[in-house]
Each structure stands twice: as structure tokens, then as C-alpha cells.
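Asker: Sequence:
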Amino acid sequence: MAAGSFAILITFVFAGFAIPYTDMPGWLKWGFWVNPIGYAEIGLSVNEFLAPRWQQMQPTNVTLGRTILESRGLNYDDYMYWVSLCALLGQTLLFNTIFTLALSFLKSPTTSRAMISKDKLSELQGTKDSSVKKNKKAIDYIEETNEDSGKMVLPFKPLTITFQDLNYYVDVPAEMRVQGYNEKKLQLLSDITGAFRPGVLTALMGISGAGKTTLLDVLAGRKTSGYIEGEIRINGYLKVQETFARVSGYCEQTDIHSPNITVEESLIYSAWLRLVPEIDHKTKIRFVKEVLETIELEEIKDAMVGVPGQSGLSTEQRKRLTVAVELVANPSIIFMDEPTTGLDARAAAIVMRAVKNVAETGRTIVCTIHQPSIDIFEAFDELVLLKRGGRMIYTGPLGQHSSHVIQYFESIPGVAKIKDNYNPATWMLEVTSQSVEIELNMDFAKIYKESALYKSNSELAQELSKPDTGSSDLHFERTFAQSWWEQFKSCLWKMSLSYWRSPAYNLMRICHTLISSLLFGLLFWKQGQKIDTQQNLFTVLGGIYGLVIFLGVNNCTSALQYFETERNVMYRERFAGIFLDDYFGFHHDRLMTSAFVLIAFPVALASMFAFFVAKLNFQKR
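Anchor point for the sequence shown: position 617 equals 617 in full-length UniProt numbering, and the numbering is continuous, going up by one each time.
In case anyone wonders, no lab produced these hints; they're calculated from the structure.
This one's a predicted model, so the numbers in the text were calculated from it and none came from an experiment.
All the given hints hold, so there is nothing to weed out.
Estimated spans, in silico, between C-beta atoms of each pair:
no. : residue 1 : residue 2 : range
1   : GLN241    : GLU459    : 23 to 33 Å
2   : LYS107    : PHE17     : 32 to 42 Å
3   : LYS282    : GLN241    : 31 to 41 Å
4   : ARG388    : GLY470    : 40 to 50 Å
5   : ALA559    : GLY470    : 54 to 64 Å
In this text, a Cβ means the ideal position worked out from N, Cα and C, and glycines have one as well.
Could you put together the complete structure from these sequences and hints?
Answerer: Below you can see the structure in the form of C-alpha cells.
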């Protein structure tokens, strides 16, 4: 990006637009002749102003077209049109050849430097037998428990979420109407009833398009469009989204974090924003350290988060950081959208061990998951299985070695028995597929609705939907945990750390400003001392205009990648209920961290340009 901005700058200033070729210093005129834009200007100008319509004679006995060419320093004959055309074709061939060779033989200047754990490093170095120990450690990761996992410095209120006859519709897309779909609404969830309880780790499964993430988003209140029917209750009281956002967390499938702060700083920032001000600073820090231990991030707490695929944390570590950022808000309910996606068996086991640790604290955990391994699948306590169309076909406990799930489906006539050592999750999805339903002429959703399991689940949901005697609904005095001023300070703290840990970004802006000022100053040397014609005035104005435009455009383009990353983080935080929908502190914080550069650089630029152009004498007269 830096090389490209300098190339555009040089191409512009030596093109003959801002300053005519004849006004350039003699030792810099070579830049005009190696510039493709210079030849383009010559060719276009000669072709235009030597045309018959510009051949009116002036009192100076020179045609109008020739007069204009002379004023721009382009007083050439017709042959220069063909010279310019050949030069442009030659430069096009040359530059494309160089570009092709560079793509073919040059390596990327940057390499991926994602962190790996000590165990993984040992395996890569051959100090461990990975073929034997890898699977054993994956199982151990699931079976290990933390004796103190249920004891944390900050208490929380265990909450049960129940939902009855839940339906979700969206407007039918125009493409489906063209294909002959006559309904006005498309149903994505159909009569979903169930309950998620504290301390229970629930898996939400189904084939692609079954509505797993849709159900998760509806329960979490993340759907901003469509039509929701049914009842959602928290501890027996109707869910109020503003209140629910304060007691729930949502781990998205994509791990979005600020790259230029450490793991511990990410948690401190989240705790600062999401924990109430009545909790003192020392207690918040203790809680952050407990979360680091629970999610097993203690060893890498001082590591920079980094950019995915380039530097910093590995994919598995980012997944755990996503869980930790939500856990540090001390929620009672946590939703996770496919936390093991994109991970190998070992990495997925590490993430699931962290998730299991969180569930053992007594929180309500719901995870969507897609085709897990046996060890991952059996780490869950309960299962919710959906079929296409958002229809429920199983809700209940897994049982030891998935015995309850296997027993339920094998009891259905015609369903194939599971083979020895076969993955129950894979078998379950296979025997409930749409092709099997057609082959056996059955509807698993209807079978579930008519089963004793459905009746018991409905009774349980009905019972849990009633408030306990003497209980009260959740209520917070403030919509957000922190005031606007505290939000502003926390964002300013994070932005300042991020800004000063981006030396390449700042150095590029400094170098571009200094080089641009120096280049414009040398090219427009003393032009301000001879403003005796209209063209001289246009030259000086062109220099001022070009310098200001290029400095502004470069500062904007260089900041885009940083603004884009932080903007995505801000949106994630806003959806989590941390900020107002129209929150603008983010932009003010970013502006304040750049205030020094935004003020000092233009002053230095203007001073340098004024000195070179006007050759100002600052000595006393």
C-alpha cells in the first residue's frame, strides 16, 4: 500500500498537470519523460489542439491551439502523437512483464506467525509420539475437571431459559416468488418447545439449513428482521431484551478481536465495559485472572491477539479468547455458534474443555455444533436436534456414551442400528436425513411430537416457565453497565494502546508526509516568487491543491484497514448490548488518538511547502 501511494504521488506530480514541464527544475525534468501520464497528456493535447477547430489565427500570428500548447509547455508537432502512443504501448508491455515476473518469482514479504501451544510444539519437534498421544490427550481434555471451577470471586444468578411454541418467519424472497412459491412468509422455525437449564451443556444440532443458528439468534434476541411467535421466558418471566443482554453472552462463529492489544487487556477492556461500576477495580482484575485460568489462557495472557492467519494467536486460542471475552461479563447464559468450526480434533478438544469448565460454574451453555467427533459429542449433557424447516425431532439427555439418543432412534421401526465404534452424532444425522424419511415414509418431527419424550419435555418446559415463589423479575437501573463517560474512557484506553502499537502504520504516515512535502517543495521551487501570469498562479494553486489532496487521501486509505478491524469489533460489542446503537464515542476515541498526527503533520507540511515555494526568509530585516 505504501509503495502504491508513492507511485501514484510521483505519477501525478510529474504528469504536467499541477506544474507544466517547462516550469519544472531542470534536474527533475527527467521525471516527466519516464511518466506514462506525461506521454498521455502530450498525445491527447497534440491530438486535440492541432485539430482544425483550434486553428483560428490570433493577433500574435499564432493559432489558438498552438498558443494553448505553448502555455502548457507542450509545443510539439503532430509526430509526438505517434511517439506518445508508442511510448504508452511500450510502457504497458514493460510494466506488465515486470508485474508478471514479480508474481511468479517473488515471495510474500510477510509470513504467518500464529502462536502454538507448548504441547503442539513438542509434537512438531518430534519429542512426543503424536500418533499415540494425540487422541489420548483429546479424550483427557474432555474428561479433566477443575475442582474450583464453580467458585469465582463474582457471584451470578443461575437462570433457566424456556421457550414454547416458538415460530419464526421471514418474508419470501423475490427469487422464490418467481419460481412459483405463493406464500407470503417463509417459516424457518416451527413449534419449538424446550428449556435450557443452569449447569447443563446443551448441543444444538441439525443438518445445514435446519435452523440451528436461527434458533440461537432468536433466543439471544439477535434477529433484527422477520416475525417471531411464541413465548420466551427467563426464570419464568417474559424475556425483556434490554435486560436479557446484560445477563447473557453470545460467542459468534467468527472470532472478532482488536489485534493490537494482549489477551489480558482484551478481558480487562470487556470487564471494564460490562461489569457494573459498583464492583471495585481490584475485584474486576481478580475476576479477569480467574477467567484466564478457567479458559486456560493464563500462559498466553501477555501475547498480542494479532491478525488471523498472519500473527498472534492461533485459531483455537482465538476461539477460547472469544469465550473468555463473554465470560468476563459474568453472564448467566452463554450462546455459542459452532465454537469448534475450523479446528482439528485436538484443538476442538481444548476449546470444548474450556466450554465444559464454564458450564461447571453453573451457567447455562448452548452450543450449535456441526458433525462433532465422538469425544466432542459426548462432552455435552443434552441435545436438541432439528430437521430442515426448523422442526424439532429430539430434545433430551445424551446419556452415557449417547445411550439415550441411540435408544430413542433405534426404537423407531425401520431405523438402522448403529454399528460398533461408530460416531453416534454421524449415525444420528444419517438415519434422520430427508432421504431416509422418504425411503421409510415417515416424519421424524411428527414421531417426536407423538412420543412420551415430547410430553415429558413439554411438561418440564411448562413447569420451568412458572416463576419460583418469592422470586422477582430481572431489573437493572441502567440500560448499560457503564455510563457514556466510562465507555468513552475505556474505548480511548484501548484505542491508545492499539495506536501506539502500530509503528508501521504511524511510520508510513510520517514518511509519506515528509517525502510528499519534500517532493512538492523541490518541484515547485521558487514558483511563488514569479506570479506574473495566469499560468504561474495556476501552478502554485495546483501545488497546494495536489499536496493537500494527496496527504488527505493517503491518511484516509492508510487508516482504512485499522478502522475496518476496529469497526467490526465495535459492531460485535454493540450487538452484545455494550453500546448505544448510535454510539459515536468509537469515532471520537480514534480521532483523539490521532490528534497529534492530524495537527502536527499538516503544520510541518505547510511550513515546508511554503518555504520551498516562496523561499521565505525568516531572518530579521
